[in-house]
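**Q** Letter by letter, the chains look like this.
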Amino acid sequence: MSEAKGLRSWLTTTDHKRIGLLYFWTAFWFLLIGGLEALVIRAQLARPDNQLVSAETYNQLFTMHGTTMVFLALMPLGAAFFNYIVPLQIGARDVAFPRLNAFSYWVFLLGGLFMNASWFLPGHPAPDGGWFGYANLTSTQYSPGPNIDFWVLGLQILGIASLAAGFNFIVTILNLRAPGMKLMRLPVFSWMTLVTSFLIITAFPVITVALVYLMFDRVFGTHFYLPAGGGDPILWQHLFWLFGHPEVYILILPAMGIVSEVLPTFSRKPLFGYTVVVYSGVLIGFMGWGVWSHHMFSVGLGPIADSVFALTTMLIAIPTGVKIFNWIATLWGGQLRFTTAMCFALGFISLFTIGGLSGITHASPPADLQQTDTYYVVAHFHYVLFGGTIMGLFAGMYYWWPKMTGRLLSEPLGLVHFWLTFIGMNLTFFPMHFIGLLGMPRRIYTYSADLGLSQMNMLSTVGAFLIGISMLVFGYNLWRTRRHGAIAGPNPWGGATLEWSIPSPPPVHNFDVIPTVTSRLQLWDKHPHPPAAAEPVHVPPGSWWPLVAAVGLPVMALAPLTHIVWFAFVGAGILLYGIYRWAYEPFEV
Amino acid sequence: MSHPATAHRTSMGLDNRKMAFWAFIGSECLLFGSLISTYLIYQGRSVSGPMPADVLDIPVTSISTFDLLMSSLWMVLALAAIQRGDMKWAKIWLFGVIVGGLIFIGFQIYEFTTFVHEGLTLKTNLFGATFFVLTGTHGAHVSVGVLWLFTLWIRALQGKLGPANAMTVEIAGLYWHFVDVIWIVIFTLVYLLHT
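Residue numbers (the numbering used here), protein chains in the order written: chain A, 1 to 589; chain B, 1 to 195.
Chain A on its own, in the form it takes in the complex (with noise of 0.2 Å):
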């Protein structure tokens, strides 16, 4: 079973793996892109009344920045892992739908292409709303340049790319496991999966009207969020918070499914309360509904809604607690070894745990009234995204790299990107906790130095320059593991996972047989397999289906975008082309 090789194979490829890596290579470009936009923030911040750039560049610095790493850097690589590793966990072949999920990447691809080509254009109109896109700031009379219609357009291509990748993975997650993989005996992250993708098919429907309602707004005259002709602003605020408090939660349970993996493995213990850890998942993924009008405190509800929020903005932290507990009683007695992917879950319980805090501080309306809109909270869900969510991923490109590519990624390299990363992110977003409390307010482009908060704005701009530094580290690593790693073979962590029991990286069919599951720690409890005759395994040919039927929705995009509706027909006629191709080509699962 030989792997095909060249850029058709990687074009047309259907392989679970494949596609995982090219999720990983696009959204790790995306990552850094994300990360230079964000460093520029902090150049220009670096010293009060800077000119380095002007208002309206640092509008869209701080706008693409908040959309390329929440839909283009940290969602994709979560999907990095599902593909690649969820497969592998559950004993499967593939996942459910090879093609749509093919699909899924190059809508993601070609969605976040179309959204960045607008720094390229004359007058490089980048999205300048902001990543949440208030309304009425983002109607006509406010934006009048194409600026937020590639912020719209982009979005609304994105978003169905995560809805096919959701109903991928559901169907996949419960319907391939391996014989005797019970759902009670899923990897943690697996289930983690399974939450975060029932998360993204409720969700992204919600943003999806929010933004067919602006689109209809900005290009065909209605007045859904213009209080002129009778619209409410705060109906986008509901629709897009709606959407966006699970949409946190889409964020950072992929990254608490990764520390459950990794935890055990160093620890040589099996995770404290297995089932209490899954059950606070899916109750997170409940309560995530539940709680989004915290993020309107400022607008003034009423005391019944703010008070009912704030509630239920304390009670999700309960379940949350309940994880953060579990992981440290995971540690406790374990055999523990400090490897890089050790340390950054580490890291994340630690950095996890000062946002969570930090978060529950926010949810009392008063308290709240005082942070809203400043640094505070751009600290708080720093530390949960970037010490939540990034620490976490990194801690899975560690555990992971070698299953994905047979070759161990250097350890001491490792320890020295997770350190700078480290004492670098805390530099970065600790002092923003003071610089918020004191009054200095987000999304403005400069300060005076009459503020008092000058050297805490250097500190801050020194750490988001270590953590540049730590990605140049970690990018050394991953370009020297290529050909200088050490080779990793099946199980260079003694993992307990089925994805540790198959060469690395996996034949393209993952399993010559498909296992027998009979313990969550099948390869700890050493469970012989009992043996079964190999079967003939039939590996699907690729597709160029996929790509074409995904290259018509960028091209209806530009429809709205230019006013030219011929492109919306030409966009959908290869939409239904590729859909019909893709219907009735000779393709087996």
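To be clear, the hints were calculated from the coordinates, so they are not data collected in a lab.
Since this is a predicted model, take the numbers as computed values, not measurements.
From the three backbone atoms N, C-alpha and C, an ideal C-beta is built for every residue, glycine too.
A portion of the hints provided could be inaccurate.
[Stated by the list, open to error] Now the in silico label distances, taken between C-beta atoms and shown as ranges:
(1) Gly145/A - Ile25/B: 34 to 44 Å
(2) Lys160/B - Ile304/A: 56 to 66 Å
(3) Ile304/A - Gly26/B: 44 to 54 Å
(4) Gly49/B - Val570/A: 31 to 41 Å
(5) Arg442/A - Ile58/B: 15 to 25 Å
(6) Gly49/B - Trp544/A: 51 to 61 Å
(7) Trp544/A - Lys160/B: 35 to 45 Å
(8) Arg84/B - Ile579/A: 28 to 38 Å
(9) Gly159/B - Trp479/A: 50 to 60 Å
(10) Tyr580/A - Val185/B: 28 to 38 Å
[Unchecked claim] Just a few of them, taken from the derived set where beta-carbon distance is under 7 Å, the chain A residues facing chain B:
(11) Ala96
(12) Val206
(13) Gly221
(14) Gly230
(15) Ile234
Following the hints, position chain B against chain A.
**A** Same frame as chain A, now just chain B:
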């Protein structure tokens, strides 16, 4: 088309495509839920006319609603026919569903043009915006359904559809019934309770 290789064993005993489709329907509920909620929130908040009572024609829309409901019945009969291998009636009923869908779309085109002549467009007021986006999204779903069923009907005429792939018809039927149920909700909330 009859390759038994596609009949995989699945962990839940439910066909992959069918499970994905149920998840899709769940997702669609949130889409229509958001659209319907917006319609209800903005009810009575238009700053100028025409208002719902000025333009909505319940008797006419009742006919198209009845037509859509009947098409769901024909869908059930089409699936039953194909499952028992009766391709003659499968083709007839599938054709019936397509015609039912087209009649519904025809009614909607008539309704939209009438409203525009009476001065209600997307831009006129919040009622116009929420009404056209909600019912237009539904109409787009019906159109996709018609295209899908038309494709299956052509496959049936070519003799490429039979009991072995009745699942494809069953899934199209799930979609059709879902779109029908959504219309019942819209008809009730937007038309019957429009005060």
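**Q** If a hint holds in the structure, say so; if it does not, say that too.
**A** Do the hints match the structure? See the list:
At roughly 39 Å, the beta carbons of Gly145/A and Ile25/B sit within the given window of 34 to 44 Å. Distance hint check for Lys160/B and Ile304/A: the Cβ-Cβ separation is about 60 Å, which falls inside the suggested range of 56 to 66 Å. For Ile304/A and Gly26/B, the hinted distance range of 44 to 54 Å is not satisfied, since their beta carbons lie about 30 Å from each other. Take Gly49/B and Val570/A: their Cβ atoms lie about 38 Å apart, and the range 31 to 41 Å holds.
Taking the beta carbon of each, Arg442/A and Ile58/B are about 51 Å apart, not inside 15 to 25 Å as hinted. Checked against the hint of 51 to 61 Å, the pair Gly49/B and Trp544/A passes, with Cβ atoms roughly 52 Å apart. Checked against the given bound of 35 to 45 Å, the beta carbons of Trp544/A and Lys160/B, roughly 23 Å apart, lie outside it. Evaluation of the 28 to 38 Å hint for Arg84/B and Ile579/A yields a pass: the beta carbon distance comes to about 30 Å.
At roughly 57 Å, the beta carbons of Gly159/B and Trp479/A sit within the given window of 50 to 60 Å. Checked against the given bound of 28 to 38 Å, the beta carbons of Tyr580/A and Val185/B, roughly 31 Å apart, stay inside it. Contact between Ala96/A and chain B, as hinted, is supported at the beta carbon level, the nearest pair being about 5 Å apart and thus within 7 Å. Using the Cβ-Cβ criterion of 7 Å, the hint placing Val206/A at the interface with chain B is satisfied: the shortest such distance is roughly 5 Å.
Given the 7 Å rule on beta carbons, the hint for Gly221/A holds: about 4 Å separates it from the nearest Cβ of chain B. The beta carbon of Gly230/A comes within 4 Å of a beta carbon in chain B, closer than 7 Å, and the hint placing it at the interface holds. Interface restraint check: Ile234/A against chain B, minimum CB-CB distance 10 Å, threshold 7 Å, status violated.
Checked against the numbered hints above, the structure violates hints 3, 5, 7 and 15; every other hint is satisfied.
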